[in-house]
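Please put together the full structure from these sequences, using the hints given.
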Amino acid sequence: DVKVTQSSRYLVKRTGEKVFLECVQDMDHENMFWYRQDPGLGLRLIYFSYDVKMKEKGDIPEGYSVSREKKERFSLILESASTNQTSMYLCASSSTSGTTTKTQYFGPGTRLLVL
Amino acid sequence: DAKTTQPPSMDCAEGRAANLPCNHSTISGNEYVYWYRQIHSQGPQYIIHGLKNNETNEMASLIITEDRKSSTLILPHATLRDTAVYYCIVRAREGLYGNKLVFGAGTILRVKS
Numbered sequence: 001d002v003k004v005t006q007s008s009r010y011l012v013k014r015t016g017e018k019v020f021l022e023c024v025q026d027m028d029h030e031n032m033f034w035y036r037q038d039p040g041l042g043l044r045l046i047y048f049s050y051d052v053k054m055k056e057k058g059d060i061p062e063g064y065s066v067s068r069e070k071k072e073r074f075s076l077i078l079e080s081a082s083t084n085q086t087s088m089y090l091c092a093s094s095s096t097s098g099t100t101t102k103t104q105y106f107g108p109g110t111r112l113l114v115l
Numbered sequence: 116d117a118k119t120t121q122p123p124s125m126d127c128a129e130g131r132a133a134n135l136p137c138n139h140s141t142i143s144g145n146e147y148v149y150w151y152r153q154i155h156s157q158g159p160q161y162i163i164h165g166l167k168n169n170e171t172n173e174m175a176s177l178i179i180t181e182d183r184k185s186s187t188l189i190l191p192h193a194t195l196r197d198t199a200v201y202y203c204i205v206r207a208r209e210g211l212y213g214n215k216l217v218f219g220a221g222t223i224l225r226v227k228s
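One line per chain: the protein sequences are A and B, in this order.
Numbering follows the numbering used here, in which position 4 of the first sequence is assigned residue number 4; successive positions increment by one, without gaps.
Start counting at 1 in the second sequence, then tack on 115, and there's your number in the numbering used here.
Wrong hints could be hidden among the right ones.
To be verified - A few chain B residues that don't get close to chain A, going by computed Cβ distances all over 10 Å:
no., residue
1, GLY130
2, ARG131
3, PRO159
What the hints assert, rightly or not - Here are the computed lysine-lysine pairs in the DSS-like style, where the Cα-Cα straight-line distance is at most 30 Å:
no., chain 1, residue 1, chain 2, residue 2
4, A, LYS13, A, LYS55
5, A, LYS71, A, LYS53
6, A, LYS70, A, LYS13
7, A, LYS3, A, LYS71
8, B, LYS215, B, LYS184
9, A, LYS71, B, LYS215
10, B, LYS215, B, LYS118
11, B, LYS118, B, LYS184
12, A, LYS55, A, LYS18
13, B, LYS227, A, LYS57
14, A, LYS53, B, LYS184
15, A, LYS70, B, LYS215
16, A, LYS55, B, LYS118
17, A, LYS53, B, LYS118
18, A, LYS18, A, LYS53
19, A, LYS53, A, LYS13
20, A, LYS13, B, LYS215
21, A, LYS18, A, LYS70
22, A, LYS53, A, LYS70
23, B, LYS167, B, LYS184
24, A, LYS55, A, LYS71
25, A, LYS70, A, LYS3
26, B, LYS167, A, LYS55
27, B, LYS118, A, LYS18
28, A, LYS3, B, LYS167
29, A, LYS13, A, LYS71
30, A, LYS55, B, LYS184
Simulated from the structure, these hints should not be mistaken for laboratory data.
Because the structure is a prediction, the values reported are computed rather than measured.
Ideal Cβ placement from N, Cα and C applies to all residues, glycine included.
So this is what it looks like as structure tokens:
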């Protein structure tokens with residue numbers, strides 16, 4: 001069974017704080033993704049990574065950065081949190097080979113509130 | 116990625132089969148049909164996917180019409196825990212990492228006792 005875990009289910013931060021969201025997958029997947037989900041806007045891709053130390057911008061990278069130092073871990077960083085970054089953050093991973101190629105598996109999500 | 120159309124909501128009695136339809140009339144030959152669901156306040160859960168043939172796994176069955184313009188997800192014996200938003204997505208799998216997922220509005224399935 002694929003398991004994607006996220007460091008926190010709920011997080012409350014203040015405007016201007018630096019925020020780290022951690023994601024770990026245990027299936028040796030090459031690809032990892034960070035999305036945010038907002039009512040009426042659906043899923044939006046922030047960043048993704050297809051290998052260690054590799055990253056690509058998604059549709060809404062502004063205000064975010066990422067880090068992938070190890071294959072199993074993909075971190076999302078909010079350099080200076082703002083209230084418009086209040087959202088549900090979802091991490092996903094996928095493989096580039098095998099029968100489940102490209103199927104994305106999601107973590108439980110982190111609901112972030114920025115005050 | 117092809118656009119999909121799903122009914123906004125459906126009800127199903129507990130223990131009965133839930134049949135969730137999806138129209139994807141503009142699907143192209145290399146695009147797969149994926150189904151995910153999202154229970155309130157949780158991350159999306161992968162259910163099943165297929166290209167042409169019908170597929171079955173421990174969670175559900177996927178029936179794809181011969182012209183591939185529509186499909187139906189079947190939960191054979193729905194339980195209250197199956198209450199969720201169900202998303203039908205059509206996407207190609209080519210590329211180094213696959214394409215980003217784009218969820219539409221989905222179908223809210225309410226399983227009632």
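Practice item. Tell me, in ascending order, the numbers of any earlier hints that this structure violates. Key: 3, 13, 14, 17, 26, 27, 30
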